[in-house]
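A.B. asks: Turn these sequences into a full structure, and let the hints guide you.
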Amino acid sequence: MIQELDPRMSRRKDLLDIESLTRDELLFLLDTAKPFKELFTRSVKKVPALRGKTVLNLFFEPSTRTRASFEIAAKRLSADVTNLSIAQSSVVKGESILDTIETMQSMKVDYMVVRHGSSGVPAFVAKHTPAAVINAGDGHHAHPTQALLDAFTMQEAVGDLRGRKVLIVGDVLHSRVCRSVSTAAHKLGMEVGVFAPATLIPSGRPDYMKVFTDFRAALAWQPDFVYLLRLQLERQAAHFFPSLREYHNIFGLTRERFQVCRDQGIYIMHPGPVNRGVELVDEVLTYPRCLINQQVENGIAARMAVLYWLQPATTVLPMEEDAIA
Amino acid sequence: MSSRVLFKGGRIASAEQSSLAELDVLVNAEGRIEALQSAITPADDMEVIDCQDKVLLPGLFDMHVHLREPGREDEETIESGARAAIQGGFTGIVAMPNTTPPIDSGGMVRFVHTLAREQSPIPIFTAGCITQGRAGKQLAEIADMHQQGAVMITDDGDPVADPYLFRRALEYARHFDLVVACHCEVPELSRGGAMNEGARSYQLGIPGIPACSEEISIARDLRLALDTGTRIHIQHVSTARGMELVRRFKEDGAQVTCEVTPHHLLFSEEDIRDYDTHLKMNPPLRTPQDAEALLEGLKSGLIDALATDHAPHTEFEKNLDFAHAPFGITGLETALVSLYDRLIKPGQLGWDLIVQRFADTPRRLVGQERVSIAEGAQANLVVFDPEGQTHFSREGMQSKSMNTPWLDQALSGAVVGVVLGPNRLMDRITA
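Respectively, the protein sequence lines represent chains A and B.
Here numbering that gives the first Met the number 0 is used: position 82 in the first sequence is 81, and no number is missing along the way.
Here numbering that gives the first Met the number 0 is used: position 49 in the second sequence is 48, and no number is missing along the way.
Think of the hints as simulated: they come from the structure by calculation, not from any bench.
Note that the structure is a prediction, hence the values are computed from the model and not measured.
Where hints are given, some of them may not hold.
[Claimed, not checked] Examples of chain B residues toward chain A, derived with CB under 7 Å: (1) Gly-204; (2) Tyr-274; (3) Asn-318.
[Said to hold, decoys possible] Stretches of chain B that chain A covers, calculated by requiring three or more beta carbons in the stretch to come under 8 Å of a beta carbon on chain A: (4) 189 to 203; (5) 320 to 326.
Note that beta-carbon positions come from the ideal geometry of N, C-alpha and C, so glycine has one too.
C.D. replies: The following block contains the structure:
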């Protein structure tokens with residue numbers, strides 16, 4: 000039922016960002032996620048692909064949703080899962096990340112799912128461990144499994160993504176979700192527009208990002224998807240915008256703008272959790288083309304595809320491999 | 000026992016000539032250059048050192064070094080810093096005062112100089128702080144530090160943020176004809192940043208430090224220098240626009256000089272790929288166009304001096320993630336060799352420029368006598384082997400810290416001898 004890995008599609012040890020994936024690899028992962036999702040409708044939702052393997056969720060930043068999604072994905076592949084949450088401050092003070100990795104390595108885990116508040120930490124971990132490393136979000140840098148589940152969700156909605164348009168609204172500057180989603184969309188042949196206050200538009204953004212300064216003009220561009228980014232409320236204190244009220248009025252999906260989306264049949268997405276009344280008005284959540292719940296469900300399938308595809312560099316005796324097969 | 004030493008067959012670099020002069024150097028027992036001639040005939044009382052194919056240049060002088068003593072002796076000490084300096088071909092350095100506690104009083108200046116005299120074979124000078132505790136609130140006792148031998152004042156590591164206080168500091172320093180070295184940065188604009196703000200910082204998701212943070216601060220300091228007539232020295236200029244500001248104010252008559260580091264010439268933000276913290280420093284590596292412009296400025300003389308901003312940090316600290324790892328890389332041991340490998344050997348920079356910018360000018364700026372390879376002068380020279388190779392290994396380096404992007408790399412060229420007076424501080428030629 001689960002397709003064999005395409006022998007032409009060589010496996011990687013780590014998934015650190017979308018940037019380093021080829022278009023073929025992206026498409027392959029999206030294809031691989033499909034049969035995993037079909038599995039969820041069965042009474043037994045498990046396959047034995049990762050039986051005997053250990054997955055460690057190493058979270059230096061608090062997260063419940065992403066961690067649960069990875070945990071369920073790993074368990075549905077029959078892996079053993081351990082969750083470890085480490086307060087970031089303690090790492091900066093005493094124990095270095097290298098010390099932590101070495102400790103984890105002694106436990107002989109096969110996969111490490113790493114989330115950290117600082118960009119580059121999963122890459123650093125990957126360099127120092129034979130385990131396959133999946134970046135579950137690092138600083139402002141990348142959140143590749145989020146981009147995969149989003150691309151998967153978009154594909155489910157409209158099919159082939161080539162020539163489709165996504166408008167990303169919100170904190171482009173600080174968002175790892177935006178970096179990964181926009182890169183994936185671009186690689187999959189989509190047009191990418193962004194709309195945000197100029198304070199939150201990064202200067203070094205890629206050329207393909209079309210920047211809008213007016214929500215009306217952005218919607219007139221006829222996007223297929225409006226992707227709302229979660230606003231970190233502390234940005235207000237750093238003067239990126241004066242108040243939540245004003246942010247919502249100018250940059251939020253207000254009732255009027257939502258009406259335009261509805262009329263145009265635009266799909267609405269959000270990585271969650273939603274700040275109601277800031278990024279969007281409540282009505283959006285019951286709109287049939289609001290894909291937020293599908294995104295969550297697809298997250299498990301996409302993460303299963305990634306776990307299934309990656310190949311840890313941990314050594315196994317050939318005999319053991321046979322025993323599993 | 001031979002009393003004189005003959006360096007035979009080498010080529011002499013000088014500030015005046017772009018070509019090297021094939022001359023032998025005879026150093027007497029007192030460490031003075033007795034003769035500088037072609038083909039000196041060896042005598043019985045001479046030890047002959049074969050310098051065939053070697054370049055002899057005046058000992059280099061680094062006016063921007065962090066020695067970390069007192070306070071962070073795990074990173075560097077005066078003693079280990081001196082060894083690193085000699086290894087790299089420096090026969091004089093200026094220590095920055097941002098130690099713990101900072102060098103902000105006559106007593107602290109005396110402490111550094113005393114330790115240096117006891118533990119360093121080369122002269123080590125220190126800069127004093129502009130403000131007490133480098134806190135930017137109250138002037139430090141600048142005259143007292145000056146009397147104890149501080150050669151410049153600076154709050155390096157930070158700017159003096161308060162423009163009123165900085166103006167008073169400049170006026171006060173002018174009274175003693177002290178040069179004020181400026182670390183230019185607007186902290187509010189840099190805060191939280193870890194690398195140059197631009198395309199690469201976007202890709203890596205690292206908060207950026209905009210070029211304007213440095214340039215605004217340079218402009219402010221230049222403007223105040225113009226008013227006060229004080230000699231100021233802009234440290235580690237990293238952007239083309241910052242350098243252009245210096246040009247304009249030089250033309251307007253401000254008493255301003257500036258320096259560039261080897262790393263700002265040889266690297267750019269584009270080299271930061273795998274979050275390598277050995278490429279994290281402040282000011283950050285800027286664009287390739289900036290690096291190119293800085294090299295042109297160095298050649299034209301707009302940039303007066305080379306300086307390393309040698310900033311040792313422990314491996315533990317540099318193994319933190321990019322955002323949290325401290326700024327700074329070491330430079331004493333790698334500066335000359337890396338400049339040779341990347342710029343001198345390919346013909347981009349001449350030896351005369353190295354002597355001017357890395358020996359003559361920095362000494363002049365801190366009131367030290369010029370060093371040259373000339374008859375009657377005290378021997379103060381470096382023997383450099385262009386055919387040699389330097390492998391920057393943990394075992395080979397003298398600094399207590401290894402935070403350099405050149406770690407584990409092999410580059411063309413090697414410092415094989417350092418002579419100061421009657422002492423051979425390093426000798427890899429006869430050894």
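A.B. asks: Tell me whether the statement that chain A covers the stretch 189 to 203 of chain B is true, taking a Cβ distance below 8 Å and needing three residues at minimum.
C.D. replies: The restraint on the stretch 189 to 203 of chain B holds, since 8 of its residues have a Cβ under 8 Å from chain A and three suffice.
A.B. asks: With 7 Å as the cut and Cβ atoms as the points, is B:Gly-204 at the interface with chain A?
C.D. replies: 3 Å, holds
A.B. asks: Regarding the hint that B:Tyr-274 lies at the interface with chain A, is the smallest CB-CB distance below 7 Å?
C.D. replies: 3 Å, holds
A.B. asks: May I ask you to test the interface hint for B:Asn-318 with respect to chain A, counting a Cβ-Cβ separation under 7 Å as satisfied?
C.D. replies: 5 Å, holds
A.B. asks: Verify the coverage statement for the stretch 320 to 326 of chain B against chain A, using a C-beta to C-beta distance below 8 Å and requiring 3 or more qualifying residues.
C.D. replies: holds (count 4)
Consistency note: the structure conflicts with none of the earlier hints.
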